[in-house]
Amino acid sequence: TTGQDGNLWFTESALNKIGKITPTGDFTEFDLKGPGSPAGITAGPDGNIWFTETGRNKIGKITNSGVITEFDIPTAYSNSLGITTGPDGNIWFTEYDGNKIGKITPSGVITEFDIPTANSKSIDITKGLDGSLWLTEQFGNKIGKITTAGTITEYNLPAYSTPQGITTGPDGNLWFTEFQA
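The opening residue of the sequence shown carries number 1129 in our numbering; numbering runs sequentially from there.
Since the hints were made in silico from the structure, they are not lab data.
We treat Cβ as the ideally placed atom computed from N, Cα and C, and that holds for glycine.
Incorrect hints may appear among the rest.
[To be verified] Simulated pairs of lysine-lysine, DSSO-like, Cα-Cα distance not exceeding 27 Å:
1) Lys1273 / Lys1255
2) Lys1145 / Lys1273
3) Lys1231 / Lys1148
4) Lys1148 / Lys1161
5) Lys1231 / Lys1161
6) Lys1231 / Lys1255
7) Lys1255 / Lys1148
8) Lys1273 / Lys1231
[Stated by the list, open to error] Here are the simulated distance ranges between beta carbons:
9) Trp1303 / Thr1281: 17 to 25 Å
10) Gln1132 / Gly1153: 29 to 37 Å
11) Ser1141 / Asp1216: 26 to 34 Å
12) Asn1301 / Gly1162: 37 to 45 Å
13) Gly1183 / Asn1247: 17 to 25 Å
14) Lys1161 / Gly1297: 33 to 41 Å
15) Asn1301 / Phe1155: 32 to 40 Å
16) Thr1279 / Asp1174: 20 to 28 Å
I would like the entire structure built from these sequences, with the hints used as guidance.
Have a look at this one:
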């Protein structure tokens, strides 16, 4: 993700680090406090970089200088993966094993919303042009939409699509990958 500092930030899951690279190619790495397997990453509205910690059941944020703060996800073993900044100024994330979508304020308050389809295994989330957040439901075989108020609507996909990644394209449409289509 591109930070407000003009650098590109990334997760290093296998090394348990958050990294950044400058436009001139200089790398800096920051160690997490414990084994956390960072996965998704996004630039937050507060100037920090936010990331999911799959193995530690936390959401983390890191300042441009490398100070890391972590927040516990209320649902145990939720396995958070995707993360994005919402149109409401909060950070939204998926809970793959928790079957929920989480919202965290820049000050660290977490609210969770249940996905209607049981065992849907949500992987990724993105902000849509309609002011909602859109998510993939891999095992639910659906694309979901959650409003900033927490209302979830689900859309069925053709059999065995198993959607994974999702993003809003330059054409304004939502684009997603299908693992087994």
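Taking the hints in turn, this is what the structure says about them:
1. Of the supplied pair hints, the one linking lysine 1273 and lysine 1255 holds, its CA atoms being roughly 10 Å apart against a limit of 27 Å.
2. Only pairs whose Cα atoms come within 27 Å are accepted, and lysine 1145 paired with lysine 1273 is rejected, the gap being roughly 31 Å.
3. Using a Cα cut-off of 27 Å, the hinted pair lysine 1231 and lysine 1148 holds, with the two alpha carbons roughly 25 Å apart.
4. Distance check on the hinted pair: lysine 1148 and lysine 1161 sit about 17 Å apart at the alpha-carbon level, within 27 Å; holds.
5. Using a Cα cut-off of 27 Å, the hinted pair lysine 1231 and lysine 1161 holds, with the two alpha carbons roughly 23 Å apart.
6. Restraint check for lysine 1231 and lysine 1255: the C-alpha separation of about 13 Å stays at or below 27 Å, so the hint holds.
7. With a C-alpha separation of about 23 Å, the suggested pair lysine 1255 and lysine 1148 falls inside the 27 Å cut-off, and the hint holds.
8. Between lysine 1273 and lysine 1231, the direct Cα distance comes to roughly 14 Å. Compliance with the 27 Å bound is thereby established for this hinted pair.
9. Separated by about 19 Å at the C-beta atoms, tryptophan 1303 and threonine 1281 satisfy the suggested range of 17 to 25 Å.
10. Between glutamine 1132 and glycine 1153 the CB atoms are about 20 Å apart, so this pair departs from the stated range of 29 to 37 Å.
11. Remark: the range hint 26 to 34 Å for serine 1141 to aspartate 1216 is upheld by a beta-carbon distance near 28 Å.
12. A beta carbon spacing of about 40 Å between asparagine 1301 and glycine 1162 agrees with the range 37 to 45 Å that was offered as a hint.
13. In this structure the supplied range 17 to 25 Å holds for glycine 1183 paired with asparagine 1247, their Cβ-Cβ distance being about 21 Å.
14. At about 36 Å, the CB distance of lysine 1161 to glycine 1297 agrees with the hint of 33 to 41 Å.
15. For asparagine 1301 and phenylalanine 1155, the hinted distance range of 32 to 40 Å is satisfied, since their beta carbons lie about 35 Å from each other.
16. Restraint check, threonine 1279 to aspartate 1174: a C-beta distance of roughly 25 Å satisfies the suggested window 20 to 28 Å.
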